[in-house]
Each structure stands twice: as structure tokens, then as C-alpha cells.
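The hints should help you fit chains B, C and D onto chain A, whose structure is shown.
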Amino acid sequence: MRALESILIDKGYVDPAALDEIIDTYQHDVGPRNGARVVARAWTDPAYLERLLADATAAIAELGYGGRQGEHMVVVENTDTTHHVVVCTLCSCYPWPVLGLPPAWYKSPAYRSRVVIDPRGVLAEFGTVLDPEVEVRVWDSTAELRYLVIPRRPAGTEDWTEEQLADLVTRNSMIGTEVLAPVAAPTVGIRDHADGGGGAS
Amino acid sequence: MRALESILIDKGYVDPAALDEIIDTYQHDVGPRNGARVVARAWTDPAYLERLLADATAAIAELGYGGRQGEHMVVVENTDTTHHVVVCTLCSCYPWPVLGLPPAWYKSPAYRSRVVIDPRGVLAEFGTVLDPEVEVRVWDSTAELRYLVIPRRPAGTEDWTEEQLADLVTRNSMIGTEVLAPVAAPTVGIRDHADGGGGAS
Amino acid sequence: MNGPQDLGGQMGFGPVAPEPETDEPIFHEPWEARALALTLTAGALGHWNIDVSRHARESLPPAVYYGSSYYEIWTRGLERLLVDAGLVGDDELASGSALHPAAATARPPLAAAQVRPSLAAGSPYTRPTSTPPRFGAGQRVRTINDHPTGHTRLPRYARGVEGTVERVHGCFVFPDTNAGGDPDPQWCYTVTFAASDLWGRSADPRSTVSIDAFEPYLVPAS
Amino acid sequence: MNGPQDLGGQMGFGPVAPEPETDEPIFHEPWEARALALTLTAGALGHWNIDVSRHARESLPPAVYYGSSYYEIWTRGLERLLVDAGLVGDDELASGSALHPAAATARPPLAAAQVRPSLAAGSPYTRPTSTPPRFGAGQRVRTINDHPTGHTRLPRYARGVEGTVERVHGCFVFPDTNAGGDPDPQWCYTVTFAASDLWGRSADPRSTVSIDAFEPYLVPAS
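Chains as they are written, first to last, in our numbering: chain A, 1 to 201; chain B, 1 to 201; chain C, 1 to 222; chain D, 1 to 222.
Simulated from the structure, these hints should not be mistaken for laboratory data. Wrong hints could be hidden among the right ones.
Unchecked claim - Calculated Cβ distances over 12 Å to all of chain B for the following chain D residues:
#1 L99
#2 T129
#3 S130
#4 G136
#5 G138
#6 R142
#7 I144
#8 T149
#9 G160
#10 D184
#11 A203
#12 V209
#13 P220
Said to hold, decoys possible - Partial list, computed: chain B residues near chain D (C-beta under 7 Å):
#14 M1
#15 A3
#16 E5
#17 L49
#18 R51
#19 V76
#20 E77
#21 C91
#22 W105
#23 V116
#24 I117
#25 E135
#26 W139
#27 T142
#28 L145
What the hints assert, rightly or not - Simulated crosslink set (EDC-like; lysine to aspartate or glutamate; CA at most 16 Å straight-line):
#29 A/K107 x C/D197
#30 B/K107 x D/E79
#31 A/K11 x C/E79
#32 A/K11 x C/D91
#33 A/K11 x C/D90
#34 B/K11 x D/D91
#35 B/K107 x D/E21
#36 B/K107 x D/E72
#37 B/K11 x D/D90
#38 A/K107 x C/E215
#39 B/K11 x D/E79
#40 B/K107 x D/E24
The beta carbon of each residue, even a glycine, is placed where N, CA and C say it ideally should be.
This is chain A alone, in the form it adopts within the complex:
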């Protein structure tokens, strides 16, 4: 790698400062926090969710995200009867502007080969066990469309702000390998007792 880099720099094909700028972009600026903000907006603004489902690329651009590997976005929304999960069996297509660079497992032959034929088995390896009645929909990114999953909003977040919600959204929940856990209600001393603390600690 170092040898290839020095060949390309020595021949003047590549500006080393451009390399650093690319790395800095994906190390620090473009990552799953972008997608989390899209999800939090969708959870709190029904009109935004509607625009997102109708034209995801434009709706995501409203929040300032777009560009390379996110030129043509599709958003799919989890419900209590349908769970979506995204893969690229043929390479590693992934929505960079909203999720950053893909994790290693997303590019692994194990994930790429199995999630289309045994989605529930793969999800279980992420600790995600779905109700057998829930339909699993797998999206194989075989063209230039890139997929973002809107996970289900966790119970217990009814009065949370958009910013608080965004902090809750994980990368894996936007790929579809994870569901977000319910948020515990703020604990109150008296209610703890009222619930009966028999087996506590």
C-alpha cells in the first residue's frame, strides 16, 4: 500500500493532501450521525417522513446530506409487521452520506452470502430476534440505489426532543440488523417501591 501510494504520488497522479482530506472527511464528518438526524426528523415530523418516503434523496438533502454513494436514496420504514434489512451481495454498496463507510461485517462474505437466504439467522447473530409473525424484507443494493432503514421509534421516547432522539439511533438500526430497545422510564423512588422490589439487587 505504501509502495503503491508512493508510485502514484511520485508520478504526480495523486496529491497527498487530497488523500488526507478524504480520510479526514470519513473519519470525522460523514458518518451515521447524519442518518440518525434524518431518522429523528422523520420520527418527529410526519410531513418530513412523507417526503422522505416519496423522494429520499431530496428529503435527505434538506438536512444538508448527499453526494458520493448517496446520489439516489431510498428510505424504507420499519413497522410492527415489517422489518427491513439492507445488504449488497455483489460488492459493498452503502449510503455513505448518511451512514459513512460501511462496517467490516457489512462487507464480509458471511453477511453478504447469508442475509438473503437466512435473514432471521443473521439477525440473531446481532442479538436481534424478531417475532416470527413479522415479515422480513431484504434489500439487495444491486444498482445505484442506496437504502436507509427508519427503525421503529422506541417506546418511552414520546416527549423526547429531536436531538435526544438522534442520539438514540444506532448505525445498525439504520441498516436493519438491530431494533432499538425501549427506553426505561425515568425512575422515581416511590414507584420503585410500588412495583414491589422483592428480588431487587
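Chains B, C and D in isolation, oriented as in the chain A frame:
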């Protein structure tokens, strides 16, 4: 390999003399000369050919060949309109009693993957170019049947003995990756001249 | 091509074993960051498109593809692309240093100041067309069962299968020809298959798989 | 399983490059002869059948399978079989020497004097049956499109395809169950496919491919 062998011998699972006996068998006794004798008999004895096509295992046993990896034989006969070629895409099934152990190319992913989808392209890599009108029939040994191809008897061998014919039959012609070339008629001084030796030597 | 990249439904790769999301670094080794950045900057020279580069990777021998990490695959693919474009010589790769004068490049090297604007702009793959789409949402279609030796984006598991058009996305560059330099734009559709139509009795009983399929991959269901 | 062994129609392995027949040695290295002989003698101990041993080989990780020569695959498969049978320990393989007492074997070790008679006898795979074959020569059939995770002998390229029964061979041990120790004999048929039904437009126009298919792989053509 040496380590595995010594473990198995030290534990008494394997008799070293049995190893040598197996190797000796396939180095010296069981090989494509057996199949060549089957082919030569089929060329010279129409009743034998008929028995071979009807029950290859029994007909081959008439010549004393049979056993491991040849328990269930099928013989297919090349004609001027049909050419047969044999493969095992899933492993390396091969008729040991008549052809011995398979050559390296027969077990290679290149051969196993391509001969079923591009048989003429593979045959060309053996120098075998068939008339485009000839039908190519590929036999993928997916069960316990083992296949032997009867190549076409070369022109010019009309008065050859069975023994002479057997010497002519190549292993590859019995797998189907080769066709046997016509045999040059014995040269006679006068005919050489009569043919017109203009460009000779 | 039915190459090592066509992984859908293949077996033997073991469990997924994801790293915990909060612990996983963006790059596992410093060289991976360089591999990514080199691939993007070299691509910006304009000598190949996304399908040419995908085909370079999938054309690696299966033993190499499966024996390499993902950024190793990218690096080996990049080396192939650079040599094929005449920008780098095999002798330079072998020696590890520049031995020949630079070739003329189709576009100038990417400057650092252009990086963020260029990443933010992306490069849309849609193209204008005057032909209407042949299929519409809700229509039953069957995928073709071809096995081209060149680049294609119809995975092997989804060939010769009936499904339903779910969405018409627009007209996009066609990977099969674009890998040879001809964008030949085609309509692109999301097609959804019942898992049981893809996998038979092995199928998850309540699941579907959707692919994005180009119009030449589809015929009306019979 | 859709493992690395299922090579029909896969691409990327390059040309065949056969060695000239008259020059090719029976074993390219002395250790290959030992690998063959060890596989046969260890098999004679009676702890596994042909389908168990095939499944051990095809279960090797694809990077290992494609990165190994054929006798290397046999050797790695044999190691797995020996460990699974409790005849050899992983620690013995790691250390390269026997560390534990021998286990009782199902059959006694093969004696040198038995080798030639045993090879000449072979072990037929046909079994008696009282059920008649479901299909007959000339009948049109369709192969099922299942994708079992265990052993099977219906290659992926020949699934979900219509063909013609060419020959009824008899009733044989069924690999899919035999790999788990249950021979469950089934009728076996040669089924012939037009190349165009297997490969579409990629097909050789005048060619067929025949497989030997067990009855559970087949349904009547619709």
C-alpha cells in the same frame, strides 16, 4: 502429511505396508491402459460394444476390470454427430478401474466450472476443435455412476489388431477432451511420388 | 460474471460475528484509510467508471478474492485498473517505485480543496431517456437466466425467477455495458421476490428479497 | 450446500491448461501419494462413508478450498473426519504426533494383503427397494430449487430447470441423508438438459448437460 501419517501409524490405525500397496496399485497396475483395452474391444467386437452400452459394469468386468470408483459404469459412444465429455463439477468422480487416478486438470476448478457452460471453449484448450454441427454432450458425474467415453475409431486403422488399437487410445479421448487423429497410411515410396512431393521436406 | 463477488446464497463463510458498533474503528489499520483514499483519488483521474472498477475487483481469482480483506481487494483491483489504463506499469508494481514518466491523465489530479465539494456533489447515475419504461409497479415479471462472462448486476440467485415490480426508479447507466465504457442507459426497477421463489424449501417462510433490476434483465411473467 | 465445491458455471478460474498426457506423473509430489493412500486406509476403518467425506471437504472455508490443491483439500478433509470420529485429537494435529491412546475403531486397520482385493471389490452403492421408480425414460421433469445447508448432489446450476429423464439407473444410497449416516435409498436417474435451459443466451447452441439426479430432486414438469 508426514506428521499425519506418523500419527495414524503410531496409533495403529494404518499399516504402512497397506499404504505402499495402494500407491503401487495406482502407480503401476490400474490406469488408462485398462480403458484402452475396453475401447479396442468395443471397436473390434460389435457384440461387446452392444453389451457395453447396455450394461457397462458387467461388460467391463468381462475384461477383468472393476471395483472402487467403478462399481456403476456407464459407457457413451462418440459418433460423427455427437461428442461426449465427462466432468465432476462437485468433486472429482472418475472411473478409477478403467482410467486410474484423474489427471490434475480434471480436478481443477477451471475444468470443473467451465466445461458445463462452455464445453467447446474448454475443448479448444485441449487442441480439440469440433465441427460446429457436432452436438456436445456433457456428463456431470453427480451420483455414483462413472462414465467412460468410447472415442471414434481413427481412420486408417481398418486392419489393425485389437492390441495395436489399444495402444492408440489416449486417456483424454476416453474422458472426451480429445479426439483421436487419423492414422497415416503406411508410406510407400511410389505413392509418395504419385502424391506429388513438390513442397517436400 | 459468476465470479467470487456473487455471494448471495453461497455457504461456508461462517457466522457474521459483528464487532460492537461503538467499538469498531472506521479503519482497522492505517493502510486501509490510504487504500480508500487512493482508490478515490485515482478514480478521479477519469480513466474508469464505477462498473469498470467493480469488474476489476470481481475478476480477481476466487482464491485471492476470498483470501483477502475488503480493502486488500480494493487495492488489488486498483493495481489492475492502473495497469490497464496505462498509468502504472507491472514493473513499477513489482519494484514498488516509479520507473517511467507519468502518462497523460484524462483529468487533472484531484486537489485537496476539491475533495469535499466533489464528495458532496457525487456523480448521479441517472440519464435522460425518451423511451417509456416497459414495466410498471405491481406488474409480475421474470428475470432472465443469462450467465454473461462480463460484468452484470443481476445476481445468480435471482435469475430465472418470477417477482413483482415494486418501483420504477428512472433511467440509469447500464452496468453490463458501462463496464465496457458504454453507458447505454436503461430503466431500473425494484423487483421483489418471495423468498420461497428464490430458495424453495430452504426459504424463510415470511420474507422477501428485493433487487434493483435493469430493464434488460426482465421479461413479462408468462 | 452451496459451498466452494459447487463449481459448475462459476467463473474466474482461468484457462484449463492441461499438462500433456504423456508427461503428467500420476502423483506430482511424493506426499500426494501418501495423502491418497492415507485417505483410503483411514476410510477403511469404517467411521464415515463417501458422502460424509465429501461433505467434510466441501465444508472447508471457500478461501481454503480455492487456495488449496486437490490433495491438500483431501488432507484437510481427512483431518476433520479423524477429529470428528474421535480417532485423532486437534492437539495431535497441532503437535504433529500421537499424544493419546488409540480409540477403538469400527473395523480393524486394512492389512496390506487386503488392499488389492478390497480395491478390486469396491463397494456398490445400489440398494434393494420395493418401490417402483416414479419417473421413466423420456419423461419431462423439473428439478427442485432447494438450497440445503447440508450435503446435496444437485448442483446449483441444475436447480429449478426442466429436463428429460434419459435413463433409470436403480436405487442408490441417497447422498443428502447418507452424509448424516442414513442411506435412505432412492431411485437415481440421468436427466438431460438443453444447455439453453441452463445458461440462457450464454449457452452453447448445440449442447446438452446431463446429471445423475436422485428421485427427491425431481418433480414432474408442469
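query: What hint numbers does the structure not satisfy?
result: 1, 11, 12, 17, 18, 19, 20, 29, 30 and 38
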